[in-house]
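> Chains as they are written, first to last, in my numbering: chain A, 1 to 504; chain B, 1001 to 1441.
Incorrect hints may have been included.
As the list claims (entries may be wrong) - With a straight-line Cα cutoff of 27 Å, these simulated BS3-like cross-link-like pairs (lysine-lysine) come out:
1. B:Lys1027 <-> B:Lys1062
2. A:Lys338 <-> A:Lys373
3. A:Lys338 <-> B:Lys1428
4. B:Lys1140 <-> B:Lys1027
5. A:Lys49 <-> B:Lys1428
6. B:Lys1149 <-> B:Lys1027
Stated by the list, open to error - With the Cβ distance kept under 7 Å, some of the chain A side facing chain B (calculated, not the full set):
7. Val177
8. Leu311
9. Leu312
10. Pro322
11. Arg323
12. Glu340
13. Gly341
14. Pro355
15. Ser361
16. Tyr378
17. Leu382
Because the hints were derived from the structure by calculation, they are not lab data. Glycine is no exception: its CB is placed at the ideal position from the N, C-alpha and C atoms.
So you can see what is in the structure, the chains are spelled out below.
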Amino acid sequence: MDVPLLEMRGIDKRFPGVHALDGVSLTLQRGEVLALLGENGAGKSTLIKMLGGAQRPDAGEIRIGGQPVEIHSAVDSRRAGVAVIYQEFNLVPGLTVAENLYLGREQTRFGLIDHRAECERALQWLRKIGLDIDPATRCGDLTVAQQQAVEIARALSTDARILVMDEPSAVLTLQEVDRLFAIVRDLRDRGIGIIYISHRLDEIDAIADRVMVLRDGRTVGGDVASELSRERLIEMMVGRPLEDEFPKHRAEIGEELLRVEGLSRGRHVRDVSFSVNAGEIVGFAGLVGAGRTETMRLIAGVDGRESGRILLRGRPVPMGSPREAIARGVCLLSEDRKSEGLVLGLGASDNFGLPNLRRFSRGGFLDEGAEVKEFLRYRDDLSLRVSSPSQRVGDLSGGNQQKVVLAKWLARHADVLIFDEPTRGIDVGAKYEIYQLMNRLAGEGKAIVMVSSELPEILGMSDRIVVMHEGRIVGEFTDPSGTTQEDILGHAIAGGGAATQATT
Amino acid sequence: MKKVIGEYGMIFVLLALCGLFSVLTLKREGATGEAAAERIVAEITARAESDRGIFAVGAARKDSGDFARMVAERLDEEGFTAVTPVIGAPRDLRVAWDEAKAAAALPSFVVVSGDAVNWTVLDSIVEEEHVPGLSVLEPKERLVSDFLKRSNLLAIVDRIVVIAVIAIGMTLVILTGGIDLSVGSLIAFSAVVGTLVVKALGGLEAASWTVWLGFLLAVASCGVIGATGGAVVAVFRVAPFIVTLAVMMMARGLAFLLTGGFSVYQVPPALTWLGQGSTVGIPNTVILLVALYGAAHVFMSHTRFGRYIYAVGGNEEAARLSGVPVRWILVFVYFVSGLSAGFAGCIQASQLNSGAPNLGMMFELYVIAAVVVGGTSLSGGSGRIIGTLIGAFIISVIQNGMNLLGFDSYLQQVVLGGVILGAVLLDKARQGGGWRRLLRQ
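Bound conformation, chain B alone:
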């Protein structure tokens, strides 16, 4: 346990941020309005069959009446057939009730809102008539946190999935003591290649297999580009910074050349499955993150190649003298980095339903930040893949939280920069045995 805390200490930073934003985005949600209507509808749908009678009662005043109308419409959409909106004065309710009684179609639910809650006619109906099984429902005020809403949490995942996927490859590269600046450009390259393949094979009417072929070719070509850069690093011993900087420029340029500078929109709806679809109710992006990080974690901590990567980063010469195939390892990590950037490009294209040559600008820096915030040392040899996932989420949560709180977008950059710096310092202090020791060095 202690070891886990030591290695994944950043998770507490992440949890603290989540807690902070949950509290800061807390707000009172009123008894009228869309969210309250949804809750009422959900309750009725859960409790009653669709042929039961329902009264949606509202006072003539705007918010109360609108609410009743909204509930009625939503219930209609859900397939309820006997919904009666009753909007106006107490008299209208009495009239509607008597009519229903005459037709022997008394409602099982009465939804009341706003001022209508205080109508005496309501009390008299409930007390005098003793209709068996009648429920009176009224929306209540409650506290909700915008941050913790399911839709918001999914938005966080959506936003970070591209960076998090690339960060897997980047972690491997940084663990060997290298760096890969080309990943941002490869996002664009991959998205462009993938969508162009689909466009060539039928465009908007293309079959869904063409999407998979496009993705496959995109990922493969990025893998080849990554491996080629890795080979230059491994064989000619050129600094990874320079090699991948060159690849970054070339890949970006190629993406523009291939498209003539325009986005590729001629793609079928099947393209969106990867980035926007879901499987058994779970968004595909979430499944992807869990699967990829699970596989990467097992690979790094329980396979021979994973161990070799740590060894090469920790001491390349000692690794070589121990029979570790150092060159292959180097080629391999840049290959994986290329693959993951290519895959991330496909996800991005799928999210946007198009491919554009200007995608992923500056993403390499966010990816590096995620890896470093996740506790991986830029000098190589130490770090954990799950730490990277935490690092990516820290960045995404901060961005998301600031959006919810309405921070100015320029200010967001300032804060994000500061947080990255602070997170890394915190990590250093934790590993180096406290602030005082760190400062004395």
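For reference, chain A alone in the conformation it holds in the complex:
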């Protein structure tokens, strides 16, 4: 075999209190897609940050094309032929596509920026990855998928030989993921080495040539992708065999707790009516932009509705603010936990207490003892890993952050819980725990709405499935075990022909 394109040998990194990477080695060949798997906190991010120049190893060696390299900064990284596409894109929203593409290495003529040359060249790069957009478009006006493609185009334009993508599919719709895969395969065929990080195991089969799994900062294994079964991968990531990916228990269905009638707002929510009963988990499926999140925001009083009624236990309620919704026992676990779910700069127990402070205070004065005591109970209950109750939630892993959000809502003892993408960006082990928690809540007689873009999750955990398309409910499946992904997708993409209620 040739000299590997990229070789990382014996990489070691310690942070205060954590051995983030413990002698990790990795090789990447030209024209290969290497899937890097591992739970949150396994060390994937730290490893790729070393390629991007954001972190430096304490020990170990990085070789590119056989030559040892020192990557101290993003500039070194680019010079070495590495391009890293992080989950949070590095595009300036107010600048155009071409300006972003050449940011930091502007094309000049007589000392002035040559806009025409930049646009022309940008257009060539965009065409190369089959992206048909005007280079003069402002990046802020692009869809998420287009922004990602612009990042890829920028990586190519810097002559990158190694492309690292951190969970690129997390923000994309199903069709967009297909397009992304087409681009990735095309790059691979041109000899670029790609490191692909994902939590979605289905994607590994579709795109990866080889798989490497990290756990607790160590390499636990790796092989040609086709040699590893899904079960084996999960086992490697979690460190123990997982009996069942979706541990669904059916709870006894009780009275109707939530009903909405004719809910509408703009073009995202049009005449939506449904109901949820005690002990029931209702799954909401649909493409990104189908109006599921927007519907839930109306129910939780986050946005104002234009028309429609919301009834709790049969009684209409105004639901004018999140404050009111919470007081009435309706809690929304929003899809974007970092910008909507948590105050990242505050401690875990502070976040936990935020909606519950009335209970943890007397005459306006906080009873921090009571707050921390209850937080510790939820910490143990949810096996939440924090170094202390006052640890900043911004420093926690995704799974633990989500558990803090869960804990704060659970402590409200609400009747209606709306989970919007509850397992997004969370590792397999934590997912399993969240599923078990949902089972338990349903068993306690809560009404649960789960919005999810992962069809296996929808099928595996719901008692009833509602499909939305362009702001409307276009289908309902009352027997998830007899339903297939294709059934749901058909409705989600095509709108189910006429907007009839499909029942199997």
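Chain B: place on chain A using the hints.
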């Protein structure tokens, strides 16, 4: 402990500055002069009843004689009835002594200064006469630090109290990610409103309750102005910078309109109680600072509303979705900012015994500097109220120290600016894990 150091690291900067200025302002205080006389008088007052005989002895030379005269006068003022100044040659002491002996009124204290210390007649009196209980006192040279003098330390408090009081409200505003530029103008507005009320109710002869009424109305009107600005910020989502800039102009203009551009001097002496008076020996300004900062600290760290303020500043949307009444919080912090500016205006009027429409110019910037030097992030969500107090003192101590050292006032501004910048950089480095990491970002 480690946490306290982490959060209030600026206190070490403050202590270092105090240490620095204490040393730099050290000087030798001579055996003559006012301070030495005061010390002698204090010693005698502490040791003797007022009917005891005292000789204040000095040589004819100017500083020695003046000193003896000064001690005698001060002792007179303190109520001592048998003080005899003896100034001149050794003979004069002998004569005075013999006269006293003849009258059977020998002194219990002999204060000597300057050359008189070396007079042999002094030794012979002490050795030959063996007067029981006779003490010979002579002033000594000593090292004193101008900075550490009680009067100077109080001057520091006096100077910073206005800024420190406003900085409480400003900390709350900045914690929510906002800013309040109107506070400087509100000082003037409050001082003018307060003094005008007193003037209307009787002027120089006004009863002291009118002062309290004036202060109350002044503070209340500033609170209303602050809350109104806060409401515009909260409801219409206009940038706080612009809203409070507009309020700043309006409040300043109103202050000038109300007074026609003149200062209001027609106020009774009772006005000065707040800013210049003292209670059980402690200046009211010191009591005020301790009380207000204590209350603010408890409020911010141990009440629901305090927690909400941090949450709104840290992530407004997450706070709203958690049921935090975000709009009320915003209105509230600008209300508090208005109140504290109004209160500071009253203190300023009390310190100056008048109200003027040009008070508090540029104070908003000093207040913001105090808050930021105190470690509160301008982007909101993190900071501590006690840090602000430390920040305010750092600024005041630097100004005071430079005054003592005789820095040119223009140079003082340059230095102060540099120190503010340095303090903030230091804080960043401490929080961001060292200089190297900061520079690599």
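> Does each hint hold? Answer for all of them.
Evaluated hints:
no. : hint                    : in the structure
1   : B:Lys1027 <-> B:Lys1062 : 23 Å, holds
2   : A:Lys338 <-> A:Lys373   : 25 Å, holds
3   : A:Lys338 <-> B:Lys1428  : 24 Å, holds
4   : B:Lys1140 <-> B:Lys1027 : 14 Å, holds
5   : A:Lys49 <-> B:Lys1428   : 23 Å, holds
6   : B:Lys1149 <-> B:Lys1027 : 12 Å, holds
7   : Val177                  : 28 Å, violated
8   : Leu311                  : 21 Å, violated
9   : Leu312                  : 16 Å, violated
10  : Pro322                  : 5 Å, holds
11  : Arg323                  : 4 Å, holds
12  : Glu340                  : 5 Å, holds
13  : Gly341                  : 6 Å, holds
14  : Pro355                  : 4 Å, holds
15  : Ser361                  : 5 Å, holds
16  : Tyr378                  : 15 Å, violated
17  : Leu382                  : 18 Å, violated
Hints 7, 8, 9, 16, 17 from the earlier list are contradicted by this structure; the remaining hints agree with it.
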